[in-house]
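Q: Chains as they are written, first to last, in my numbering: chain A, 8 to 304; chain B, 22 to 334.
Rather than coming from a laboratory, the hints here were simulated on the basis of the structure.
Quick reminder that beta carbons are idealized off the backbone N, C-alpha and C, glycines included.
Treat the hints loosely; a few may be bogus.
[Said to hold, decoys possible] Residues of chain A placed beyond 10 Å of chain B at every Cβ, according to the derived structure:
#1 Thr16
#2 Pro74
#3 Met108
#4 Ala115
#5 Val200
#6 Val202
#7 Ile245
#8 Ser251
#9 Leu260
#10 Phe264
#11 Asn275
#12 Trp276
[As the list claims (entries may be wrong)] With a Cα cut of at most 20 Å, we get these calculated SDA-like pairs of lysine to any residue:
#13 Lys125(A) / Val306(B)
#14 Lys152(B) / Lys125(A)
#15 Lys104(A) / Val203(A)
#16 Lys99(A) / Leu315(B)
#17 Lys129(B) / Arg299(A)
#18 Lys125(A) / Glu298(B)
#19 Lys69(A) / Leu141(A)
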Amino acid sequence: MEMLLNNPTFAFLQLMNSISLGMNLFIIAAGLSLIFGVLRVINFAHGAFYMFGAYIVYTVTKLWGGPFWLGVVAAGLGLAVMAIVIERTLLKFLYDKEHLMQLLFTFALVLILGDLAKILWGTDQYSVSYPAALSGATNLGISFFPSYLLFLSAIGPVIMILLWLAIDRTRWGRIVRAATQDREMLSALGVNVTVVYTSVFAAGAFLAGIGGALAAPRVAVVPGMDATIIVECFIIVIVGGLGSLWGTFWGALFLGFVTQFGTVLVPNWQDVLAYLLLMVVLLIRPWGLFGRPEGEH
Amino acid sequence: MSDHISRGTLLACAVVLGILMLVPLSGSRYLIDLSTEIIIYMLFALSLNVIIGFSGNVSFGHAAYFSIGGYTCVILLTTYHWPVVLALPAAVIMAGLVAAFVGYFCVKLNDIYFAMLTLAFSMFVWGVAFKWRSVTGGDDGFVGVQIPAWLDSRTAFFYFALVIITVSIAVLWVICHSAFGRTLIAVRENRVRAGFVGVNTRRMRWTAFVVAGTFAGIAGALFGMYNRGMYTESAFWTESAQVLIMTLLGGMYSFFGPAIGAAVLYLLDVFTNQFTEYWPTVLGVILLAILLFLPEGIVGLAQKIRRRTSARA
């Protein structure tokens with residue numbers, strides 16, 4: 008606590024760390040939020056998608072010697088293709104079943120994809136280096152800050168704006184928004200709802216893929232990284248309000264701050280603090296800090 | 022679900038119990054260990070079904086009460102040198118009290134929010150077990166549990182667990198088939214109508230939550246003693262998912278279904294591990310098969326086959 012109050016540079020660095028962490032989390036959680044908003048499926052496999060994104064960028068940069076950015080694009084596209092295959096061959100049979108069935112379906116994916124990652128990449132811990140152009144530090148006046156983390160802080164809002172444009176300003180976005188309201192009516196109006204669902208699931212997985220790829224230089228790429236990120240994503244989308252994009256944005260920023268400042272204020276207990284916050288939000292405002300109660304759209 | 026236990030079910034229970042009682046006579050340590058683990062998981066899965074099958078809420082954090090029971094029991098036994106006859110009931114009461122506290126809030130929510138709150142709480146328990154090193158042993162686990170001499174042998178512990186679990190399952194059966202259990206099913210089938218005829222649906226669901234948590238606590242306390250330790254994995258969300266799969270595999274609309282599911286899944290786990298390390302994939306494929314082809318579980322399938330054969334006869 009004293010460190011934060013007496014050392015403005017330290018406080019500033021924590022602030023910047025919170026933002027970069029929050030923005031990285033936002034990219035991942037936005038995919039989860041998008042999938043839930045339209046398909047009404049809580050995707051437990053989203054963490055596995057994220058993990059695959061990180062492994063793919065590792066493969067492209069370390070094993071094949073390709074550029075980092077190519078790895079990020081490959082991660083996004085690779086996951087989108089995987090999602091299309093999963094949605095077309097399995098998930099589509101479960102839309103008319105109960106929530107529990109869909110939830111357990113995504114859990115089956117967690118189990119299978121976790122093993123698949125072990126088969127493909129083994130159980131070693133990998134690290135991915137910062138892309139060459141962003142490997143240094145930038146002078147922000149108050150202090151130097153790693154350029155890559157600064158880039159993460161900037162890419163979050165960019166993706167937020169792109170997503171908002173896609174959902175608010177395009178024909179696809181209008182159909183997606185209609186699908187969240189009334190899928191039967193949409194289908195009756197002649198829209199191919201199947202294609203909407205597939206594209207949304209693929210778009211969500213794409214975001215998880217690039218989110219994982221962009222996180223790879225920040226974290227250790229290991230088996231099990233899927234199980235921890237998914238709980239963080241749940242915290243974000245619930246705190247922000249299920250299915251709301253802006254809510255997800257603020258929720259991610261919020262979790263970034265809680266985690267980063269929690270590390271300083273209650274060392275070692277920052278995760279527990281985050282779970283506690285999730286419980287409090289669920290009890291006081293189950294529709295999230297930035298969402299609206301159901302039925303008040 | 023009939024009021025009186027059918028003769029066939031009663032006979033099946035007696036046969037299973039009889040076989041289990043004979044297990045130690047085989048003299049195989051492996052068989053005794055396997056049976057102990059299976060009956061513990063049977064009780065765990067049956068306890069979860071009070072929330073899912075009877076009140077219709079999906080808990081994604083049932084491992085919390087299992088691990089609270091387990092940690093409380095082993096900590097009281099080892100750190101505070103309590104005797105088993107006190108530590109075990111204390112652990113169960115602890116799990117029940119925590120379930121009462123958490124459940125009070127959980128039953129205010131429905132569907133996904135209910136699942137998320139149970140998940141959040143179980144992760145909170147996991148976080149505490151993980152970080153509160155001085156009490157729980159943190160990620161190294163709580164090891165070196167002291168078991169009194171009379172329970173130290175495998176056979177003695179097996180019979181001890183068998184008696185407690187048999188009594189617990191009998192009590193659960195009575196609870197689920199009482200007026201209370203019937204009303205719970207009414208709540209599950211149509212909460213609004215159950216409310217109209219004067220049922221306090223929230224209190225019913227709360228009671229179901231407490232019953233489920235308490236019996237999970239018994240399973241957890243026995244597990245901690247059997248295992249001579251508790252590890253944080255027991256509280257992680259994947260453990261909650263595993264017991265959910267057991268319940269679903271057996272069939273959540275029948276009382277004994279989850280116990281069958283637990284036994285089948287546990288045996289499959291042991292069996293698969295002899296051939297491959299990729300048990301999760303096998304589990305995932307089983308889960309997919311249940312979801313796509315067997316939504317009512319093994320018991321549902323058995324009933325369907327019986328109905329078809331009797332229709333032909």
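Q: Compare the structure with each hint and give your call.
A: So, going through the hints one by one against the coordinates:
{"no.": "1", "hint": "Thr16", "in the structure": "holds (29 Å)"}
{"no.": "2", "hint": "Pro74", "in the structure": "holds (33 Å)"}
{"no.": "3", "hint": "Met108", "in the structure": "violated (5 Å)"}
{"no.": "4", "hint": "Ala115", "in the structure": "violated (4 Å)"}
{"no.": "5", "hint": "Val200", "in the structure": "holds (21 Å)"}
{"no.": "6", "hint": "Val202", "in the structure": "holds (22 Å)"}
{"no.": "7", "hint": "Ile245", "in the structure": "violated (6 Å)"}
{"no.": "8", "hint": "Ser251", "in the structure": "holds (14 Å)"}
{"no.": "9", "hint": "Leu260", "in the structure": "holds (20 Å)"}
{"no.": "10", "hint": "Phe264", "in the structure": "holds (18 Å)"}
{"no.": "11", "hint": "Asn275", "in the structure": "violated (5 Å)"}
{"no.": "12", "hint": "Trp276", "in the structure": "violated (6 Å)"}
{"no.": "13", "hint": "Lys125(A) / Val306(B)", "in the structure": "holds (17 Å)"}
{"no.": "14", "hint": "Lys152(B) / Lys125(A)", "in the structure": "violated (28 Å)"}
{"no.": "15", "hint": "Lys104(A) / Val203(A)", "in the structure": "holds (19 Å)"}
{"no.": "16", "hint": "Lys99(A) / Leu315(B)", "in the structure": "holds (17 Å)"}
{"no.": "17", "hint": "Lys129(B) / Arg299(A)", "in the structure": "holds (17 Å)"}
{"no.": "18", "hint": "Lys125(A) / Glu298(B)", "in the structure": "holds (10 Å)"}
{"no.": "19", "hint": "Lys69(A) / Leu141(A)", "in the structure": "holds (17 Å)"}
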